[in-house]
Amino acid sequence: MKTYAGKVRALAGISFTVETGTIFGLLGPNGAGKSTTVKILTTLSRPDSGSAEVAGIDVLQQPDQVRRLIGYVSQKPQFDPEATARENLHLQGRLYGVPHRELRSRSQALLDHFGLGKVASRQARGYSGGMQRKLDVALGLIHRPKVLFLDEPTTGLDPEARASMWSEISRLAADEDVTILLTTHYLDEADQLASQLAIIDHGRLVAQGSPNDLKSELRGDAIQVELTQAGVDDHVRTTLVRLGGVREIVVEGTTVRARVDHGASAVPGVLAALESAGVAVTSVTISRPSLDDVYLRYAGRPFGDDSHHQAQASATTEMEVPGE
Amino acid sequence: MSERSIQHNASAALVQAGNLTLREVRALMRQPFYIAVTLVQPMVWLLLFGQLFKRVVEIPGFGGGSYIGFMTPGIVVMTALFASAWTGMGLIDDMERGVMNRLLVSPTKRGAILTGKLAHIAVSLAVQALIVVLVGVALGARYDGGVIGVLMTIVAAVLLAIGFGSFSCTVALLVRQRESLIAVAQFFTLPLSFLSSALVAESVAPGWIRSVARFNPVDWAVSVSRGALSADPDWGDVLAHCGYLVIMAGVLAWLATRAFTAYRRSV
Ligand SMILES: Nc1ncnc2c1ncn2[C@@H]1O[C@H](COP(=O)(O)OP(=O)(O)OP(=O)(O)O)[C@@H](O)[C@H]1O
Ligand SMILES: [Mg+2]
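Protein chains in written order, with the numbering used here: chain A, 1 to 324; chain B, 325 to 591.
Simulated from the structure, these hints should not be mistaken for laboratory data.
It cannot be assumed that every hint is accurate.
[Said to hold, decoys possible] List time: in silico DSS-like cross-link candidates among lysine-lysine, alpha-carbon distance up to 27 Å:
| no. | chain 1 | residue 1 | chain 2 | residue 2 |
| --- | --- | --- | --- | --- |
| 1 | A | K118 | A | K76 |
| 2 | A | K215 | A | K146 |
| 3 | B | K433 | A | K76 |
| 4 | A | K146 | B | K433 |
What you are looking at is a predicted structure, and each value in this text was computed from that prediction instead of being measured.
Pulled out of the complex, with its shape left as it was, chain B reads as follows (with noise of 0.2 Å):
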């Protein structure tokens, strides 16, 4: 292929990826409630489990400081999985209205096709972690980090939950039912959180948990947030975590244009 064709090829793929992008906005624009919950959703976690667990800090190897502090970037990454868990629910919602089967006969790419149901959790999931951060500021947390720090935890959040968002559109491609979609979300989503240091610190866990935890993407996420967000944070440690993420949203993101393939076939 020569270079101009490839280039006339990108430009292609970032205006469909960016016309889809805006018909999944629309289509929120148009659920006021649906944006309510999702705003409110993570303050609510934040207050909750910020009183749940408000005298874990005391536990001797915690390390002391607010809990508040501690757990914002637990619930911000959090709220990246589970947000991005469902984003194959919208695949589906397309394979049912025949909409898939248009997009896939007209030159729309695969990748902006996923693009289209990615990017709008992306942006939502900034808007997310602005509010917890916010709330966490005005419960009296500190982010020594500062603005850098806020930004890492977006950059993480938006990494996670392309990588994730990119499992479950290989899994609604694959199974092609909410059900099974459900089923598979779920069964990943608690036990990914719970086996890293989103909600306790990873000095107080299990030993084999620690081990897990290593390999763990939801754990990588944590980590960059709170490493940035720290005073002194240790940026070799954070940018390592960051390229694990980026292989990791990377890899899966190319799987899930794979899928289609599979799709393809029960059409």
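Isolated chain A (complex conformation) (with noise of 0.2 Å):
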């Protein structure tokens, strides 16, 4: 639990586990809690109470334990403007007590995989927002941290550097073991490279799980039929209702959108329903639930009530990431 000065509740009961060489993907709206989450794990914060391990290290009892073997992407930019981007990472190197050549060695590494070979000697306050943002990713990487935290990592990237910044992040999972959590307001980022979920909302958790066990809690496909003309809302309804296992029917227009238990054997009888009613239909399309409907289901709708923010639950906020 973590609350700011001024009465902002920011964490209310958070609690998950995250496998070594695993990625992890944190979800929810703005102001859900997810910074505050990797601001505690991170011990940058301190929550009011709960406990966090990461690596089998307490964050809470020994920080300057975990703080040597995490990496930490925030989302506010964090590298030194007035300092040209070899001089950040070389600093950033030194702090973290890397030996010289390796340091030298390393930061040439990233700074040309990360595209910035050529402007590594320039002041980084003149580089543009995405090339601001691979420096910040950079200094997270610069010391091989075993666990790393990645707040937004690929907001302000363009769509090439997006993709090549995805599969450095598997990559490192993969490849050297590492430990990651990733949050992201990109759906499909989380559902390409995290292998368990969690979404929160108002400081708690609303959902956990493998991005297809998430998916197919939904139970069902959505069907989208287009019909020739509007106007038939009550009649389309009444005809899919009297049909039975069609469920979430919205008419608008002349889309009709509904959920069904499995798409391709329901849509037959759906079609020869709604033409023996005398809708004539253009076309139908089939689609597996997104992770785009798991988000709205859980996250998507106002909470009106506010009983989420005084409600009064012991919190937690867990990450154990079993050591080697």
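The two chains are supplied separately, each in an independent frame; assemble them into the complex guided by the hints.
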């Protein structure tokens, strides 16, 4: 649990565990408490109550040990704009005690990898937003951390840079056994990278599981039927309700959306029912539930009641990463 | 903690402090205008105040002698005070740029972060002090204390700067806002200067100012410098005041490392 001065309760109850060498995605709307969670796990900020472990080390009891193991790329920029990219990386490496020669080659490798080689000797304040973001990520990697915290690492990157960042993140987890906690607003990013996800809202955990589990929990496929004419809403709705097995029917103009258990086998029945009811159809599409659907289900609706804020739950923030 | 890990920690902290100092020096080197003004400013003070207060030496009880010679310690110490008052500004810059959070999440010691901010002030102060002394000599002042006297002047200025710079950092970590830090710095610098014998001899100041000055670190630093530069230094007095300065600097520096906790609460 974390309360900021002025009684902003940022976290109310979150608990999760991440396995070594995997990528864990943290999703949630603006102000949900993702960055606050990351700040607590990186020893930057202290919770009011609760406990957290990183790589088996208690974050509150032994912050110094934790700091040596982790890398942190915060949501806000962290590079020194007055220094060059190379100076930034060298200083960061020296602070972590990376030996001179290794630091030299490691910096160069990161600069090349992130396409900063050409500007490495220019002051970072003159870099474009995306270049600055890449420098921030490089700063988090210079000392080869065992556990990496990435708070919206790909915000502001062009599509190509994002794709290359994705492959780098996957590679770190797969090849170097780095455990990664990733927050993002890009659901495709979470879907592609993370093996486990948590969705938080109002400082509490609202859903957790692998992307596939979360999607299949939604039960059923979405079907979308396009009609030739609008204005037959009620007629369409009663027809489909009578058919049975069709849920969450929404008719908007000439578009009908609904959810069925097995899209492929349900479609012929739907089409036949509509035809016999005299409604002409132009096209039909079936889609598996996407992570967007999952997200909207858990965090998408506006929370009218404020009871979430006041709920007094014993709250823990746990991140146990079994040490090797 | 074992002896070896303490040693290891200490050498890690030194490496960190050294590299953070280097960062500050590099940033300064990229600002030639800043360097120029820093070097010229103490000269201007010496010349300006020298003209302004030229005739105070004629006040009965002042003791006569050259005012430039008398004032040199005052100018060096005031330079130390005014320069160190802004130390916290660098921390606020770092907070706004996110650099502070990056340092706090790394194994960097808080003492090393402060050292980085204080060390380059110490270096530039040493250079400024030398310039003031040289200009003083050129204007005909005599410093009977010689090289030792000049060295003690630099030591006193640096100790004062460490103390007041640490105080400035503490304020920065607590208020976290430029305007508030500027207000606090200005609140202290001028009164501390004038409630001391920096510009005017103790003997001609009102009694209450003399009493207050006894507890004023600025006055301690001036006493060290003026004592050591005199023809026949009272070393007991000089070293005692040096001791006060060391204690003051130590306590304020320790407080500054504590203030990081308050900052962390706001992150
Ligand atoms: N330094 C701070 N001081 C006071 N309140 C804060 C501070 N940082 C965050 N908060 C509050 O805590 C809550 C959670 O913020 P947090 O930054 O963790 O959200 P987030 O999930 O990262 O959102 P976003 O997607 O916008 O980055 C918000 O209500 C925010 O206003
Ligand atoms: Mg955030």
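Now the hints, each set against the structure:
no.: 1; hint: A:K118 <-> A:K76; in the structure: holds, 24 Å
no.: 2; hint: A:K215 <-> A:K146; in the structure: violated, 30 Å
no.: 3; hint: B:K433 <-> A:K76; in the structure: holds, 22 Å
no.: 4; hint: A:K146 <-> B:K433; in the structure: holds, 21 Å
In summary, the structure is inconsistent with hint 2 from the numbered list given earlier, while agreeing with all the others.
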